[in-house]
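Take the given structure of chain A and dock chain B to it, following the hints.
Number of protein chains: 2
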Amino acid sequence: MPTLRRERGDTRSAEGGTWRALETGPVMSDAVAPAVVKEIPPKAVDLSAWYTAVCLKAELVSYSPVRGCIVLRPYGFGLWENLQKHLDASFKATGHENAYFPLFIPESLLMKEAEHVEGFSPEVAWVTRGGSEELTEPLAIRPTSEVIIGTMYAQWIESYRDLPILINQWANVVRWEKATRPFLRTMEFLWQEGHTAHASAHEAREETMQMLEVYRRFAEDVAAVPVYAGVKSESERFPGAVETFSIEALMPDGRALQSATSHDLGQNFAKAYDITFADADQRIKHVYTTSWGMSWRMLGGLIMTHGDDRGLRIPPKMAPLEVVFVPIVRSGDDRAVAVCRSAAEELTKAGMRVRVDTRDQQPGWKYSEWDLRGVPIRVDVGPRDVDAGTAVIVRRDRGKGESGQKTTVAVDVLARTIPGLLEEIQQSLYDQAKTFLESHTPRAGDRESFLAMCRDRAGMIDIAWCSRAVCEAAVKAETGATTRNLRPLATSDEATCVACGEPAKVRAYFAQSY
Amino acid sequence: MPTLRRERGDTRSAEGGTWRALETGPVMSDAVAPAVVKEIPPKAVDLSAWYTAVCLKAELVSYSPVRGCIVLRPYGFGLWENLQKHLDASFKATGHENAYFPLFIPESLLMKEAEHVEGFSPEVAWVTRGGSEELTEPLAIRPTSEVIIGTMYAQWIESYRDLPILINQWANVVRWEKATRPFLRTMEFLWQEGHTAHASAHEAREETMQMLEVYRRFAEDVAAVPVYAGVKSESERFPGAVETFSIEALMPDGRALQSATSHDLGQNFAKAYDITFADADQRIKHVYTTSWGMSWRMLGGLIMTHGDDRGLRIPPKMAPLEVVFVPIVRSGDDRAVAVCRSAAEELTKAGMRVRVDTRDQQPGWKYSEWDLRGVPIRVDVGPRDVDAGTAVIVRRDRGKGESGQKTTVAVDVLARTIPGLLEEIQQSLYDQAKTFLESHTPRAGDRESFLAMCRDRAGMIDIAWCSRAVCEAAVKAETGATTRNLRPLATSDEATCVACGEPAKVRAYFAQSY
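Listed in order, the protein sequences are those of chains A and B. Numbering-wise (numbering that gives the first Met the number 0), the first sequence opens with residue 0 and increments by one. Numbering-wise (numbering that gives the first Met the number 0), the second sequence opens with residue 0 and increments by one.
So that you can see chain A by itself, here it is in the shape it has in the complex:
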């Protein structure tokens, strides 16, 4: 893995913000390095600047020479691989198979589903030339694949015996964007998109809900990001869907991050793309389809949720490296290296992702770097530890000097101790985030306090709501907040909409959002 160092491209700032990379010297030397690592802006002061700095300096991403496109560097890709591993296993466990569909969608095909076109055409990149040939029909680069997959399903599906079709695709998609924020808003991004076809509305809805739950479990149990799952309001619905469901996380600046969506498409796409089947009763019917997706945006949510002023804090299940060993070599005494290598080998054999950092930088520099990179556990071994047969375990989830951050243990219990500790850290990061979410989910009781909370980004502002688009638009115009997702009213809830006074129909989380 490349070492932490100055990036020539770092001075580019996201969204034209105020922060610029502060490193200007030559290749990082031992002497200046720790100072440089500290040059991440405090998270609480300017989340945006902190976020960009961490993404670049922890070498998750680089900006590229292509406007709107980032490079996912090996350490960032390590996060993506863990997301893929966990989600893909969940997809397969629920009966889905992977496939791959073309990147291109002919213009005429894209135009068939009216709402879908209207929703996506402002964001589409068009290929108009191939080699030296001007195309007679431009090709859209997929912003999502309902159209091309629906077209294939229309060819593949003949009878009820062919249903359900349960397919997922891991792919790159392109949506024309001006702004760039690593993971959160990029022109090209990596995602997965599931596309299924069913014989009945009921089954399609069940699939939609099942995948929403797969996403919720991934977000909470793997990424340690607590979310609210619910249905989207009409205005926030996917273009062409009957209902859209989402999981929504809350970022430290009080903005919500939509982290995955699951769409019940009803028969809209089936009718637009003529996807029919002969049912058991011999009648030709349109299928019911669903689609659902999670992108690398989820990684942005993970970074913002868990990071601190020292950098990333990666939940163990998502960590490219779970444990890093730092042997401390003093006055030519390098016995610690052998101790670390032997312990690391034992952990690797037990299935953990481990590295021994034998580079010739100072320990202080390494501590800062691994803090920045958010490795859940660091193990330090110095000459005195070698004499005593001990090692110092340092937990990244605890603050510097916090009780339990450092523990000295016998080297030979490391392999027994660390798996449990990783679980504890996973849980602790989730608990911290859950506490934040719960303490930032205020129930607004009246219009004035509700609007003030929306303006102040008080969190996921929870109200009884009328579910009228006009009401949502008014709140948005006044405060910038929109509904994130909705759930049924309880009998104990207010009878009238907190925002407008009309009869309440649902409970809604309002928030400004990414």
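A few chain A residues facing chain B, derived, Cβ under 8 Å:
#1 63
#2 68
#3 76
#4 98
#5 102
#6 122
#7 125
#8 126
#9 128
#10 131
#11 138
#12 140
#13 173
#14 175
Here are the simulated lysine-lysine pairs, DSS-like style, with alpha carbons at most 25 Å apart:
#15 A:316 with A:433
#16 B:111 with B:270
#17 A:316 with A:42
#18 A:84 with B:84
#19 A:348 with B:91
#20 A:348 with A:84
#21 A:316 with B:91
#22 A:91 with B:348
#23 B:42 with B:433
#24 A:316 with A:399
#25 A:91 with B:84
#26 B:91 with A:84
#27 B:348 with A:84
#28 B:405 with B:42
#29 B:42 with B:399
#30 A:284 with A:270
#31 A:348 with B:348
#32 B:84 with A:316
#33 B:316 with A:84
#34 B:433 with B:316
#35 A:475 with A:177
#36 A:91 with B:316
#37 A:42 with A:405
#38 B:284 with B:111
#39 A:348 with B:84
Hints were generated in silico from the structure; no laboratory data involved. Glycine is no exception: its CB is placed at the ideal position from the N, C-alpha and C atoms.
Structure of chain B alone, referenced to chain A:
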């Protein structure tokens, strides 16, 4: 997995060839199905027609509404996933990490390496419009990523400590093509591309050769496709490379299939994209780069190499399904289903990829389908087997009625028997292909017989060669054959080029190629 059935799109023929899908009836019924499965043209009569039919009917791929683009269906994607799994593990074992780079390359950037531009620009798809905006600079869709990755390496690399950089990317790429042949020639295809940067020419060459060997091992040990590894002639070299190495397989029609390439790029890209480093001696130097790639074309080679008149024969290590159980239900006696399920569970637990086919088609239809799909081992269990506690193992690598094709064994030894049998089948498929390759590698001794062999596609025609481009061009003009790859002359070899009589410099395999 979707069942075998008529594809409405099947009637489209590849390369304007003569074969058309013969199915014209309604959804396949039990009665007509076995006949339909047999409607694959004989492999020996028309490989091209056989190939297209197998790819479509085994549901590896479908044609798409986008010219030149195919859909990789779940069963085909299963092959790709196994390729990925094996290659990715080899890459990681040799110290490489995955990353992801942008799909787009700005025109001005692509134009910097002259040979590279000349080689690729006729094949580039161009994005000229984003949303409603006409771009001031068109964006190329990557035909390969040397340019964008080299640009990033120029930013990332500062000193010798940053070297080597060993990165691989799994990605889609686009090369503008008129013809479509599933896997072999498509406008968009999936591949991996490794890109590395090194401090010395020696190290870059070592990397190039290491990855060539990784590819050779994958082709032979996993895909069971024997290959010749060697260096390409100048005319066949990658645009911008110092040397290109390849592995070349021989297809049953006597044409060679280039199955992977590994390029030593020297300092060509480093100079064009200004990739420099401060060496230990403080001097600023250009790095040495390599790139290497294998695409889904390898799957086309696997299909053509192993298939027979009944369809695919997939080597077990690449098989999406290694074992399929067909329980035979007669007169309501369905005890075989439980026997199969229990045995299948045991195999699954032991790590094998297994399915029980409980669909309500006739056994004969299922046999034909699993033959077509090339599953290495089928296990049949009928009512009499249940009484006797036995099962019939049917090997796909042996012909119908061939000795050892079917063996009756006790059900309770299946889990012990099958792993060894899978290894045997893997080896047997390799051996068959190896015998074919060796018996089709004639050494031509004089010009006339050499040219006749080239014209007749006699195989990998092995000659002492002068290594002159003008000689190669003359052979190509006369016969269509080119050099596939080269290796050093031995002292016992002819002193003069068999093709032209000039002094011999190397040994070369000549063949017509895909």
